[in-house]
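Protein sequences appear in the order of chains A and B. Residue numbering for the first sequence follows my numbering, beginning at 24 and increasing consecutively. Residue numbering for the second sequence follows my numbering, beginning at 24 and increasing consecutively.
One thing to keep in mind: the hints can contain errors.
Any copy will do: because identical chains look the same in the list, a pair fits if it lies in one copy or spans two.
Okay, derived cross-link-like pairs now, EDC-like style, lysine to aspartate or glutamate, Cα gap no bigger than 16 Å in a straight line [claimed, not checked]:
#1 25 - 50
#2 25 - 155
#3 121 - 149
#4 51 - 29
#5 53 - 29
#6 202 - 159
#7 172 - 195
#8 95 - 147
#9 25 - 54
#10 228 - 192
#11 40 - 50
#12 103 - 145
#13 103 - 160
Rather than coming from a laboratory, the hints here were simulated on the basis of the structure.
There are 2 protein chains.
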Amino acid sequence: MKVHYECLSCFITQSQKISELATEDLEKRKEAMIVAAKAVQKYYHRNAVPAIGGSLLFLELYRLLENDDPFKEYKRISNKLAKKVVEELRKELKIGLKDALKLAIAGNVIDFAVGYNPEKIEEDIEHRLNEELYIDESEELFKSLENAKTLLYLVDNCGEIYFDRLFLEKIEEAYPALKIYIAAKEAPIINDATVEDLKEADFGKVGKIVSSGSRIVGNPL
Amino acid sequence: MKVHYECLSCFITQSQKISELATEDLEKRKEAMIVAAKAVQKYYHRNAVPAIGGSLLFLELYRLLENDDPFKEYKRISNKLAKKVVEELRKELKIGLKDALKLAIAGNVIDFAVGYNPEKIEEDIEHRLNEELYIDESEELFKSLENAKTLLYLVDNCGEIYFDRLFLEKIEEAYPALKIYIAAKEAPIINDATVEDLKEADFGKVGKIVSSGSRIVGNPL
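Isolated chain A (complex conformation) (with noise of 0.2 Å):
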């Protein structure tokens, strides 16, 4: 994705957020954004990848705030409630791969923020279920899977990639022959999934978990 006008403050935004999670000291703080205020315009410019200078802009900060993963109990929340969602689902609900797409496709739209109410999540879920895709282009993805031979799978968030991990059971179900690979982070940047988060998710059982191999949130390739 290319540089928009929006990415500074979703990079200030992070970064205040980032100062927030990783101490309560409030100078501690205001250092790390007079950093953030420094180092910016090296990150944010006309050619600037934002997944690449926003995840450079972090990872200085983490080092400032002596914090590796400032994340780790939002997204420790995040997968614990997003597990119970899909539990719950699972026992009301008989899940195709249809619906098992429109589910993944829900979990990345809803913020699993500390404090969501997980009996909304459920409601907000189910209504979604119920909706028609507004671009639907399942179909074509289930003809390009029963011709592929290897799916790789790229997982974004903590908290959502249960809701992959439905999907990618519907999809082993319906095509026994194909062979998945799930990608996510070698190491923590924000709320991203790591390599680590999907095996304490058993994606081992659904597929061959991989590492993108880089510290970057989103995947460039």
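We have chain A already, so just place chain B on it with the hints.
Quick look at chain B alone, frame taken from chain A:
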């Protein structure tokens, strides 16, 4: 106010809002945000006064975007909405001095964002009227006004000035000997009220309108 760790994020959010209000052109907005990313280390530092640093940054963007008052329409709508709400409140309620103080506080709390439902504002505000103040120094204030010869009242944003005006009317009734001065910004800066806004809202009837002499958010004294 001294600089706080959250000020950088506020600088950037306001910069983005300025670029959005000043132009529809996405390239122009991006250019403005790149300038903001370069400039921000000059305005956000350990010894910065946020009201001054922020304002200098915003005015730099005004020049770049060739728009001397990007919030003009936003302020017009805020004023129109607040004026209507205050008129309705006058009709519905008998408002005493202490009520008017509470309304001036409520007017400060509620953000007159474009699209805010006026029906809801009235409800919110009436709700606040029935609540006790969390920190109540009104008695001290009223005692000071009794002994004072002059009052300098500093206004803040457009919209809420209509609540300030109601409060000033009640002050004038209660302390007829008091000489009242009301200060607003000399020229537009974000959504702060200017001397022109005070004239438009007929503040001349409740006191003498004066300029803060600056184009800086807040009032550096």
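Compare the structure with the hints numbered earlier in the document and write down the numbers of the violated ones, lowest to highest.
-> 2, 6, 8, 13
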